[in-house]
Amino acid sequence: MNKIYTVIRKEYLERVRSKSFVIATLLGPAIMSLFILMPMLLSDAGKDDERLVGFVDPSGQWLTPLTEALAEQDQGNVQLVVVGEGNSGPEERIEEMKTKILAGELHSGMMVDPDFMESRQITFYNQSVSTLVVRDEVLRPAMNQVLRQAHFRAESLSDSLFARILTPTSWSSILLSDDGEQEQDDAVSMGMAFVLIMIIYIMVIMYGNHTLTAVIEEKSTRMVEVLLASISPEDLMVGKILGIGLAGLTQFGIWTGAFYVLSQRGIEIGGMSLDVTFLTPVILISFIGFFILGFFLYATMYAGIGAMCNTVQDSQQFHTTLAMGLVIPMMLLTLIIRAPDSTLAVVLSLVPLFSPILMFMRVSVSNPPLWQVGLSWVLMAASIWFSARAAGKLFRVGILMHGAAPTWASLIRAIKA
Amino acid sequence: MNATASWLPEIGQPLLTLNSVTKSYGSKIAASNVNLTIPRGCIYGFLGPNGAGKTTTIRAIMNIILPDSGEILLGGKPLDGTMRDRIGYLPEERGLYRKMKCRDQLGYLAELKGVPRGEALERADQWLERMGLSEYRLQKIDTLSKGMQQKIQFAATFISKPDLVILDEVFTGLDPLNIELLREMILEEKDRGVTIIFSTHMLAEAEKICDSICLIEGGEIIIDGSLASVREDFPLKSVRVAWNDGTQPPDDLPGVLHRKLEDGSWRLTLAEGHDPKGLLPILSDAGSLTLFSANRPSLNEIFLEAVARSRGKVQS
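Those sequence lines, one after another, are chains H and W. The opening position of the first sequence corresponds to residue 849 in the numbering used here, with each subsequent residue numbered one higher. The opening position of the second sequence corresponds to residue 838 in the numbering used here, with each subsequent residue numbered one higher.
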């Protein structure tokens, strides 16, 4: 027991004192918030750029209402440029507009059908698919509004009626739980759930991989024979996994603590305030629980594989396969969100390899029965026990093995032996 | 000397006993029916060519691999994991954490042998001083030369004050000065009652330091006993001879088993019952002799003869 503690101590301190740990701990949250902010910033980027859209309108009646509609939608940066002055025909104007688009003078161009009231036809000229955002998010809604308004006016209906008809319905949602009820900001809850899941995903894969390389390093430095003269392979493995896991927990704890403190002070990122009400005790406990169980499940498997491999290259094929256990549930997330309590979701979230991500997602977005959460923990704990035993065997067989790279078949043979 | 000393046998009494230890990897037999008794307080040579089964036998003693059959007794008791702490092991495959400081490295390895942390670091400092490496105590291992690293490894083997030490090819890669330093340290430790298993394929090295030896070949022990008794069992004689003009010995010398050119003179090993004197006339006829001396056989010669005998046994 003392020896396991000695190994834990060494592995833990070695990691926590390393520069890369300090840097990752400090930069982690920065990178994480960048992940959240980037899409927001990107969607904002370019909004203020002036976009010149060529405008050909044989009827001559749409320019003013469309300009007004654009201004109303706060899209003043999209400027309409009427192409072709005087008495040139529509064909010539279109040709001129095409030339200007190709020359880069215009962002894109639109031709409103002479009989637009009835045909609703507009032709959009552009040079690349990227301009379609302007078409679909700016021009089309504005033009739809213009057309509707024109029809209302043609029927002599009042503008105030038009405004009232267009006003959308307003919803607020209340989250019900045993503790009572509260206002809910679903966009924030969903966003928070994703952040927490990303943390579990990144930490489990990162620290699992740490375990793998730490074991391989022991072999490649030939340290292992010196160590085995003092400690049994099983104790060595347990010590390494616990030491690395504690380092992971430390980082995790620092992040969670910092996050909690920041959210208490009401930090706002890009208009989205961090909502602590999302972090209910149930979610917090599940978060920590799923991280710990997930880490040990993957770490024991990685350790066993590491013991059989001589180089990091040897381990790549196994690493990729194991990582699938985390990547597949990430891809299944949207499926789970749509129906978190469907039979498929329940079954998938009970698969131990998937549980850290899928069951935690269900806990975050829904209210799965407690027995399901408990069962997933029991199943994971049982898997950890089996995987640790198998890894212990692989350690004994593999740790002194040098030579050919192992295969899945040799791995299974060694576990069965 | 320490708390567990009570189980130690008297000097000269059996400390480590191997009874019919056998280990095979697949169809390859690495150790076959190995029987050994190593008395306390001696330096015991574990000799044999590369791949003879030395390392396998050592790993079985260290409880790193489990033998297929047979038993290993330490101080009369079956070997188990806890007894490992009383054994120091310097494996042929050296290993140190490259990024760890020398002092921490020694301290860690001592701790793993059950030495309390504070004392482990204290002893680390003492050993670094003894090795003349005090100024490097806070430097990382990979800033040290290979020879220095080897000395650290040597210190790590003895830092837990073991009762039994296994040194596998300890002198490989060291310069003569350091070999001399380590040899003296090994003898000092022996004087304190430490039993040392000295495993090597360099028979000349073993001859200088060992009290007793065993020779392993093909996973089997073919010679075992004190150096003196081994020499008695192989009453070979050898002759060193040289001519002034580099003449080669004649082809059909009576009773000569092996011939070998060493440092400008020929070493001729004689079969049992042959007298060096009988050779002298033939050799002096071949040219003008500058050297003729009769010697004890070297371990090398004994080994070659022993291998020939054991193979002859297998064939007949």
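It is worth saying that the hints were derived from the structure and are not from the lab. Any given hint could be a false lead.
[As the list claims (entries may be wrong)] Using 25 angstroms as the maximum straight-line C-alpha spacing, the simulated DSS-like pairs for lysine-lysine come out as follows:
1. Lys977(W) to Lys938(W)
2. Lys936(W) to Lys858(H)
3. Lys1241(H) to Lys1264(H)
4. Lys977(W) to Lys1045(W)
5. Lys998(W) to Lys914(W)
6. Lys858(H) to Lys1241(H)
7. Lys938(W) to Lys865(W)
8. Lys914(W) to Lys1264(H)
9. Lys1097(W) to Lys858(H)
10. Lys865(W) to Lys1241(H)
11. Lys851(H) to Lys1241(H)
12. Lys1027(W) to Lys851(H)
13. Lys851(H) to Lys983(W)
14. Lys914(W) to Lys938(W)
15. Lys1097(W) to Lys851(H)
16. Lys914(W) to Lys936(W)
17. Lys867(H) to Lys1097(W)
18. Lys914(W) to Lys851(H)
19. Lys851(H) to Lys1114(W)
20. Lys858(H) to Lys998(W)
21. Lys867(H) to Lys938(W)
22. Lys858(H) to Lys865(W)
23. Lys998(W) to Lys867(H)
### Query
Does Lys914(W) pair with Lys851(H) here, judged by a C-alpha cut-off of 25 angstroms?
holds (23 angstroms)
Next on the checklist: Please verify whether Lys1241(H) and Lys1264(H) have alpha carbons no more than 25 angstroms apart.
Outcome noted: Holds: Lys1241(H) and Lys1264(H) sit about 9 angstroms apart, inside 25 angstroms.
Is it true that the CA of Lys865(W) sits at most 25 angstroms from the CA of Lys1241(H)? Holds, at about 22 angstroms.
Report task. With a cut-off of 25 angstroms on the C-alpha distance, tell me whether Lys1097(W) and Lys851(H) pass. Result -> Violated, at roughly 52 angstroms.
Notebook entry, point to check: Regarding the pair Lys998(W) and Lys914(W), is the alpha-carbon distance no greater than 25 angstroms?
Noted result: With Cα atoms ~20 angstroms apart, Lys998(W) and Lys914(W) stay inside 25 angstroms; holds.
- Straight-line Cα separation of Lys858(H) and Lys865(W) no greater than 25 angstroms? violated (38 angstroms)
* Agreement of Lys851(H) and Lys983(W) with the hint, judged by alpha carbon distance not exceeding 25 angstroms -> violated (29 angstroms)
Notebook entry, point to check: Can the restraint linking Lys1027(W) and Lys851(H) be considered satisfied, given a maximum Cα separation of 25 angstroms?
Noted result: violated (28 angstroms)
Within a Cα-Cα threshold of 25 angstroms, do Lys1097(W) and Lys858(H) meet the stated pairing? violated (53 angstroms)
Notebook entry, point to check: Keeping to a limit of 25 angstroms between CA atoms, is the pair of Lys867(H) and Lys1097(W) held or broken?
Noted result: It is violated: about 59 angstroms lies between the C-alpha atoms, which goes past 25 angstroms.
Exercise for review: Given the hint that Lys867(H) pairs with Lys938(W), test it: the Cα-Cα distance must not exceed 25 angstroms.
Suggested key: holds (16 angstroms)
Hinted pair, alpha-carbon criterion (25 angstroms max): Lys851(H), Lys1241(H). Please report holds or violated. holds (19 angstroms)
Against the hints set out earlier in the document, violations occur for numbers 4, 7, 8, 9, 12, 13, 14, 15, 16, 17, 19, 22, 23.
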